[in-house]
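Asker: Generate coordinates for the entire structure from the input sequences, incorporating the hints supplied.
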Amino acid sequence: LMIYQMKSMRQTMELQPKLKALQEKYPGKDMESRQMLAKEQQKLYSEAGINPFASMLPLIVQMPILFALYQAIFRS
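Add 34 to the 1-based position in the sequence shown for my numbering, that's all there is to it.
Because the hints were derived from the structure by calculation, they are not lab data. Don't be surprised by glycine CBs; every beta carbon is placed ideally from N, CA and C.
DEER-style ranges, computed between Cβ atoms:
hint: 1; residue 1: Ala-102; residue 2: Arg-44; range: 25 to 33 Å
hint: 2; residue 1: Gln-105; residue 2: Met-70; range: 41 to 49 Å
hint: 3; residue 1: Lys-41; residue 2: Gly-62; range: 27 to 35 Å
hint: 4; residue 1: Gln-50; residue 2: Ile-94; range: 21 to 29 Å
hint: 5; residue 1: Met-65; residue 2: Phe-87; range: 21 to 29 Å
hint: 6; residue 1: Ile-107; residue 2: Lys-59; range: 48 to 56 Å
hint: 7; residue 1: Lys-54; residue 2: Arg-109; range: 44 to 52 Å
hint: 8; residue 1: Leu-100; residue 2: Lys-41; range: 17 to 25 Å
hint: 9; residue 1: Ile-107; residue 2: Glu-81; range: 42 to 50 Å
Answerer: In structure tokens:
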């Protein structure tokens, strides 16, 4: 899982210059600018074959284990 997370993070870092350019293209704080920025970012991610939430997968898998460990330590 950690290797998958590292790979996803590296791919996202490679897209950072393009993401910065998009943020400069849509600098407004209004709802329309934010929606256009999100749409363009999603398009960029899909073209690169990146799921932006994939780096969170290992954390989600580890949470129940850590919670159970915490409960076991403090209830004993």
